[in-house]
Amino acid sequence: MPIVPEFTPTPEIKKPGNLFEHDEIKMKTVKLTIDGREVKAPEGTSILEASRSVGIEIPSLCYLKGINEIGSCRVCLVEVEIKGVRTLQASCVYPVFEGLTVYTNSPRARRVRRTMVELLLSDHHRECTTCVRNLNCELQNVADDLGIRNIKYTGEMNDIPIFNDNPFIIRDYNKCIKCRRCEAICSKVQEVNVYSGLGRGFEMKVAPAFMQDLSKVACITCGQCVIACPTGSLVEKECIESVWEALEDKDKYVVVQTAPSIQVTLGESFGYPVGTIVTGKLVAALRRLGFDQVFATDFSADLTIMEEANELLERLDGHGKLPLLSSCSPGWVKFCEHFYPEFIENLSSCKSPHEMFGALTKTYFAEKQGLDPEKIVVVAIMPCTAKKFEAARPEFGTKHYKDVDWVLTTRELARMIRQAGIKFHDLPDEDYDTPLGIASGAGAIFGSTGGVIEAAVRTAYYLTTGKEMDLLDYYEFRGISGLKEMEVELKGQTIKVAIAHGTGNARRLLDRLRAGEKFHYAEIMACPGGCVGGGGQPIFGTRDHKEISLNYRHNRADALDRIDYSKELRRAHENPSVKKLYEEYLGHPLSDRARELLHTYYTPRGKLPGFELENLYGESSKYLH
Amino acid sequence: MEEATKQEQFHDEQIIIPPMTETEIKHKKRSTEKTKDHKYIELDKVLERYRGQKGELIRVLHSAQKIFGYLPQEVQAYVALKMDIPVSEVNGVVTFYTLFVTEPKGKHSVNVCMGTACYVKGASEIIDKLKEELKLDAQETSTDGLFTVRSTRCIGACGMAPVMTVDEEVHGRLNPADLTGILKKYQEQDAGEKYEHDQVN
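Residue numbers (the UniProt record's numbering), protein chains in the order written: chain A, 1 to 625; chain B, 1 to 201.
Misleading hints may appear alongside valid ones.
[Claimed, not checked] No more than 30 Å apart at the CA atoms, straight line, and that leaves these computed lysine-lysine pairs for DSSO-like:
| id | chain 1 | residue 1 | chain 2 | residue 2 |
| --- | --- | --- | --- | --- |
| 1 | A | K607 | B | K54 |
| 2 | A | K607 | B | K39 |
| 3 | A | K188 | B | K54 |
| 4 | B | K54 | A | K216 |
| 5 | A | K178 | B | K54 |
| 6 | A | K216 | B | K39 |
| 7 | A | K216 | B | K82 |
| 8 | B | K131 | B | K105 |
Hints are computed from structural coordinates only; laboratory data are not their basis.
So here's chain A without its partners, still in its complex pose (with noise of 0.2 Å):
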């Protein structure tokens, strides 16, 4: 049985770890005083981290600590004084110094704060009620915060049509507030720059290339940017309606699967402490919400985990490229194919799980309960907007039927609950179906960063040595190091393996690799943290909450832990229905029916799609030499 702590209406958040691991520098310490109050600081920390260290709030939209510190949105205007002379400072980028006074609270602060917002908010469609951020949204809780009741200035309006032309992010540029997260995130952590500002003055944009929609991009379809979004001008697609659909139709057979990670972000949305176990009311809710059968993503974790231990053998034995790289990131093997084509050999051609799952229900799960595959809807809830853009690739499925129908984030599920009037505090714990719903505890880890590569050499030691492993060597793999390496020994010789995280970090390994370094097994993770960093998980968005999430990623990963340790089973190969899988329908890993079923194949899809520049690079650059 899950553990699920008892819920605490007032929740207490660890504080965050800072996003970049850069060295601690040691800083002198200065004093200054903050609304008559004397307050210490380390030299040349932001106004804004010195008074929020001492309980003083400051409003703000554009920062973002350590990605974004622009001093754009002027929203933490605060009264500066040197030398008697007061001036209006951008407190987010105003380093503190020695004898500074500082004045938050004063009529001409609060005065300017209130017109900067008023001026936002001038231009932008405030449609709150039917907004997807409704209620979690930073730019209302601001205008809330300072109290505006009414907006002075009326003049021109942006009224652009919005840009959804994918099956993943929607982008409005009529609620965008140009705080320009969204870029800081895409090109300062992720390394995809999808984002720029085109243009100037009131007609600037943030905004891919020429004004183009994210499909017609390099874009990796991670859903950072909607997590740094402080309101609904970048949201995921909702599908919604078309669950509810089939949910209604009595014709289909709705299954759904949830991804490791979601038992333990979702509680977020109802209020729970960040990192609470909430597997049971998961179950519960999905089974009143209709669907036929809930399972979890976390058996085909364990599925993939029999195959990729198995490639990672084979290719050791010498048939195939080395490093393997993990494919389980749907986010990160399109940045692969964008940026790093020549490493599409090295990829696994593992489904990533939710794939696997969605090919399994429509053959081995039809057959067993007799069903017509077509009749079957497969539901994912997953923690990621990606997984969007992954369940719309041709590749996955038949010329019949999608593998997985449709892919609910963790927030869409969290909106269709409250649709349906359940309590979500009230459901009692339920345990998942059989045969789909049994999983180890090596498959729940692969919703944190190096939980892919952890499970694999579980299952991988076992495979060459016949003996279980002490499960206690690997703790080295877990942690929030961005980009991490390590020594493994299997089959009798030492394997180099190495883990990163968000797609900048698995810039730098792949540039390593370039350059010639030799590694034999590597996992990478699109979003920061891994999947419960994702792009799909709930936004804070409230007062409590102004932290991105992908700051809260440890306390959920170390969830995802605890669920590991509380499992008997903690290894993918002791999965009693994975070994029924095999037996009964399989065969062997990397047999052919498996190849055919889990497996898949990927394309360079080129750094400027919509461009025929490499055939006209090659052909005027013979002109160079």
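Chain A is already provided as a structure; the job is to place chain B on it using the hints.
Coordinates of chain B only, in the frame set by chain A:
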């Protein structure tokens, strides 16, 4: 049911050649037209000169605009690829500075000064009249490719306000009524030699 499957199979066997996309057509055209490709060779020379140097994007774009006459998307993407700069950033720079244009320019560039003095003396009426004369709506270039009308910041000839320049020539103390005559002068100059748009493709 059976028939449907048959049809589907038949459909599968057919070899469908998709029509060429616009980019393909362009590309084919380019590879046959050697004269057009020389612009990219010119651009390559510029890129080679600045290769590996940081902060030279604006200079490269400036040269590219001189070579191509304007900066179409393809040229921006090409510069991005060769300089290893994200195309979004290149496009951001191009759209930020008014000196870069992304549409082909007309033969004569007409700049109407919008400085304070000219503005007070009725520069906006001049622009309106020009737009009316040349039948311009949102676009800046007349359909015959002869004129591109833009507004500029103060050009320092406030004593002659309102002022406009046509290429290097300055016309001061303007009255909307004068414009027809001025434009006619240039139109007559170019009569006979039909001007073609300076296009890459």
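Going through the hints against the structure:
1. Restraint check for K607(A) and K54(B): satisfied, since their Cα atoms lie roughly 21 Å apart, inside the 30 Å limit.
2. Annotation: proposed proximity of K607(A) to K39(B) holds, straight-line Cα distance about 23 Å (limit 30 Å).
3. Simply put, K188(A) and K54(B) have alpha-carbon atoms about 18 Å apart, close enough for the 30 Å limit, and the pair holds.
4. Taking the CA atoms of K54(B) and K216(A), the gap is about 28 Å. The hint holds against a cut of 30 Å.
5. This hinted pair checks out: K178(A) and K54(B) have alpha carbons roughly 27 Å apart, not beyond 30 Å.
6. At most 30 Å may separate the alpha-carbon atoms for a hinted pair to count; K216(A) and K39(B) meet this at roughly 27 Å.
7. As the CA atoms of K216(A) and K82(B) are separated by approximately 20 Å, the hinted pair is consistent with the 30 Å bound.
8. Our distance criterion of 30 Å between C-alpha atoms is met by K131(B) and K105(B), whose separation comes to about 16 Å.
Checked against the numbered hints above, the structure violates none of them.
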